[in-house]
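Novice: Residues per chain are reported as follows:
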Amino acid sequence: MAKSLKHVVIVGGGSAGWIAAGSIAAMHNSKSAQGLKVTLIESPDVKSIGVGEGTWPTMRTTLQKMGISETDFIRECDVSFKQGAKFAKWVTGAEDDFYYHPLVLPQGYFDIDLFKYWQKNKQDMSFSDAVCFQEQLCEKGLAPKLITSPEYAAVANYAYHLNAGKFAEFLKAHCINQLGVNYISDHVGEVKSTETGDIASLSTKKHGDIAGDLFVDCTGFSALLIGQHFKVPFISKKDVLFIDTALAVQVPYQDGADEIASHTISTAQDAGWIWDIGLPSRRGVGHVYSSRHTTQAEAEKALRRYLKDSIGDKSASVTLRKIDINPGIREKFWVNNCVAVGISAGFLEPLEASALVMIELAVATISEQLPANRECMDIVAKSFNERFNYNWDRIIDFLKLHYIASKREDTAFWRDNRDPASIPESLKSLMTLWQHRSPSEYDFHHKREVFSAASYQYVLYGMDFSFTPNERAPSEAEQKMAQRMFAENQKVTEKYVSALPKNRELIEKIHQFGFSKI
Amino acid sequence: MHTLETVNSERHSKTKVSLASTLAKHAKVHMSHIVLQEFAEVAQYYPIFFCKDSDTGQFQPVALFGLSVDENIYQASGLWQKCYLPLKLQSTPFYLIKDPQTERPSLAIDIKDTRVQEQQGEALFINGKASPYLQQQSVILSELTQGFVLNSAFINDLLAHNLLESVALDIKYIDGQAQQLTGLYTINKEMLEKVPSEVQKQFQQQGYTALLSAAMSSVSHISTLIDIKNRLKRQP
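Listed in order, the protein sequences are those of chains A and B. Those letters in the first sequence? Residues 1 to 518, by our numbering. Those letters in the second sequence? Residues 1 to 236, by our numbering.
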C-alpha cells in the first residue's frame, strides 16, 4: 500500500505561508496527535514583501475556518472594511469620470438582467447605483455592518483592507498557539531529492534535514522550490498586462478623525494607475505603471501630484519604495510533491486585489483535495494545474477588461492596451458576445470562479461599454419585474444609508466593544 | 430627547415628580433593560430575553412588554398595575451622570420628562434636605449601576460557554397577520446540558443556576402575550 500523507511542509512565512499553514492545520486537526503534521519554515533573513493590502469577501470564510475571531483580527491587523473599488478616470480621464465595482450582486441578479432596462434611461443614474445600494454606502463613507451584527455577518457584502505585515504576524501567532503548526525559524539550504525526483527533505542550518510528504512553496519572488529547484518555466504576461513597476508609500491622515474610505480607490494615470487604500491608522498609496510607457521620474511626479490633494506640501517629502513587478505565472503550479502558492505561483498586478484571493483559493483546494497518499498526488496535481491555469486565465481576462473597455486616447499606454494583439482570444470571444447580451453565469460555469459575471457587468457597464440590444420587445411581466427591482433597490438604499454608521465610527466601536460571535 | 440637570437643592428646591402617570409614561415602551438582582421578580410577569445594545453591540438582559416596537401589551390590557416594574423604569426620571466639574458620578434629573414639574407629586427636597423619595431613587440607581456590572460578568460567562443563541419567533395572529420577531437571544438549553460539572458547580455558587432557570421559564410568557394581543385584536 502507498505511504499515506502525514506531513505537510510549508516554506515561507508571508501571507501565503501562514494562510496555507492555518487553513490546512485547521481543516486537518493538526493540534491533535492524530491530526496531520504541518510545519512552516521561515527564514529569519528574508523580509516578506508586505504589500497586498486588499482582500476579497472570501477572506471572511478563510479566517472563520481557521477559528479566528473577527474582532481580534480587526484590532490587531489595522483592519478596515472594503466594499469594492471606485475607479476614477478610467473611462474618459475627465475629472468627474468614475464608476464603482461593488461587492453586492445586482438586485434580482439570478432572476432578471436589469442592464437593458437601465440602458434605456441611463442618464438618470449609474448602472451600479440603479441596481445596487453599495455605491451610496461607499460615497457616504458608511460601514458595511452594525456593531450589533455578529462576527463575519454582513449587512452589505464586504472584504477587508489590512496591514499585510501585521496580518502575517497575527496569523503566525494563531497558527502556532491555537492550531498546532510546527514552526521552524531557519534558513533553507539544499533541497534533497528521492530517486523519483520528489523532494525528500530540506536541509536547514540549525534544524537539520526536514523531511515531508508534501512541500508548499510560499517563498514569493524567489520561488525556491518550484522555480529554483524544479525549474518550472515562468510565463511572462507582460504582453497582455503592461504594468511592471510600483512606487508605494504610506501616508498618515491629516487628522485622527479623518474618514476612512470603505472602498479601494483606483485612479487612472497616463501610464498606469494609483491605488489608495484607507486603513484606520494610515493610507497605503502606490502608483503602478508600465516602464515602457513612462519614466520613474514621471511616475514619481504623478504620485506626488496625486498625494498633494490630500496631504498638501508633505507630498513632496514622503519616502517612496520601488517594487519591480514581473507579471506572469508558472507553467505548472504542482509538480511531484511540491505545490506553489502565492507569488511563487504567479503575480500579475494589484488591480482588483487578486493576489490574496488566489492564495485562499489555492489553499482551500489543496486542503480540501489533500491527497491521501503519494499514489493519489499526481491525480490531484493534474486537476489542480488545470483548475489554476483556468483561474489565472480568467483573472488575466478580467484585469485586461479594465484596460480595453477604456475610451482614453490621450496616451500610448491606453491606446496600446487596446491593440488586438495584446488581448487574449478568450476575452475577445466574450467581448463579441457581450456586445449583444450581458455577461452571464453561462460564461463562467466552473465551481469556485474567481470573478462572477456580476463583476464583469459592473466593470463593463460602469465603463459605458457600447452595447447593441436586440430589437425584440420584452414581455410585460418582465418589464414590470424590472421596475419593481429598481424601486426595491431605491428602497433598500435609503434604508441602509440611514441605518449604517460611518466606517471610522464602527471601527472605533469594534476596538472598544468588539463584535459578538452570535 | 433627555435634558439632564445635576440634582441640586437650590436649583430643584421646588421640583416635583408626579408618579401617578408613571405607567402611562411608559405606554409605548416595548422592553426594558433589567439587572440580575430582579430576575426572579421579572420572570414572574415578563419574558426575559437577551438583546444587543444598538450602540455598543453588547448583550443586555431585557424584559419584553410587547411584540413590536412601541407596543406595550401590559399597559394596553390594563395588566400593568399588577406587575412588577423593572428598576430601570422605576429609576426614571433620574439618571447617574458624570459631573462635568468633579468627574464623579452624580444624580441627575431629566427635566424634559413630562412628570417633572412644580405643582404636584413627590418633592425632591423638603426644607432643603433630600426627601425620602429622592433617597429611594438614589438607592435604586446605585442598585442599577451595580446590577449592570453584575450583568456583564454574567453575560461574559454565558458567552464563554456558548450559552446564548438567537431566536426568531414566527407569530401568526388570529386575524391572519404574520410577524417575525428578531434580534432576541435566549439560553441555549442544549449547550447548558453540556457544560462540564465543575462549571455547573461554579454556576451554582455564583447564583447563576437560579438566574438561568428564571430566564428559561419566563420565555413561556410569550404565549400569554400573543393570547392577550389576539384578544385585544378582537375588541377594537
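Hints are supplied without guarantee of correctness; some may be wrong.
[What the hints assert, rightly or not] The calculated label-pair distances, taken between Cβ atoms and stated as ranges, are:
id: 1; chain 1: B; residue 1: Gly78; chain 2: A; residue 2: Ser498; range: 33 to 39 angstroms
id: 2; chain 1: A; residue 1: Gly256; chain 2: B; residue 2: Gln44; range: 23 to 29 angstroms
id: 3; chain 1: A; residue 1: Gly256; chain 2: B; residue 2: Gly78; range: 51 to 57 angstroms
id: 4; chain 1: B; residue 1: Asn162; chain 2: A; residue 2: Asp124; range: 46 to 52 angstroms
id: 5; chain 1: A; residue 1: Glu488; chain 2: B; residue 2: Asn162; range: 34 to 40 angstroms
[As the list claims (entries may be wrong)] List time: in silico BS3-like cross-link candidates among lysine-lysine, alpha-carbon distance up to 27 angstroms:
id: 6; chain 1: A; residue 1: Lys65; chain 2: B; residue 2: Lys194
id: 7; chain 1: A; residue 1: Lys31; chain 2: B; residue 2: Lys194
id: 8; chain 1: A; residue 1: Lys65; chain 2: B; residue 2: Lys189
id: 9; chain 1: A; residue 1: Lys172; chain 2: A; residue 2: Lys6
id: 10; chain 1: A; residue 1: Lys517; chain 2: B; residue 2: Lys194
id: 11; chain 1: A; residue 1: Lys509; chain 2: B; residue 2: Lys98
id: 12; chain 1: A; residue 1: Lys495; chain 2: B; residue 2: Lys28
id: 13; chain 1: A; residue 1: Lys238; chain 2: A; residue 2: Lys172
id: 14; chain 1: A; residue 1: Lys517; chain 2: B; residue 2: Lys233
id: 15; chain 1: B; residue 1: Lys82; chain 2: A; residue 2: Lys517
id: 16; chain 1: A; residue 1: Lys495; chain 2: B; residue 2: Lys172
Worth flagging that the hints you see were computed from the coordinates, not collected in a lab. Ideal Cβ placement from N, Cα and C applies to all residues, glycine included.
Novice: Take the hints in turn and mark each one as holding or not.
Specialist: Okay, the hints, checked on the actual structure:
no. : hint                                    : result
1   : Gly78/B / Ser498/A: 33 to 39 angstroms  : holds, 36 angstroms
2   : Gly256/A / Gln44/B: 23 to 29 angstroms  : violated, 50 angstroms
3   : Gly256/A / Gly78/B: 51 to 57 angstroms  : holds, 54 angstroms
4   : Asn162/B / Asp124/A: 46 to 52 angstroms : holds, 49 angstroms
5   : Glu488/A / Asn162/B: 34 to 40 angstroms : holds, 37 angstroms
6   : Lys65/A / Lys194/B                      : holds, 23 angstroms
7   : Lys31/A / Lys194/B                      : holds, 23 angstroms
8   : Lys65/A / Lys189/B                      : holds, 25 angstroms
9   : Lys172/A / Lys6/A                       : holds, 21 angstroms
10  : Lys517/A / Lys194/B                     : holds, 19 angstroms
11  : Lys509/A / Lys98/B                      : holds, 21 angstroms
12  : Lys495/A / Lys28/B                      : holds, 23 angstroms
13  : Lys238/A / Lys172/A                     : violated, 34 angstroms
14  : Lys517/A / Lys233/B                     : violated, 38 angstroms
15  : Lys82/B / Lys517/A                      : violated, 38 angstroms
16  : Lys495/A / Lys172/B                     : holds, 26 angstroms
Violated hints, in rising order: 2, 13, 14 and 15; the structure is consistent with all others.
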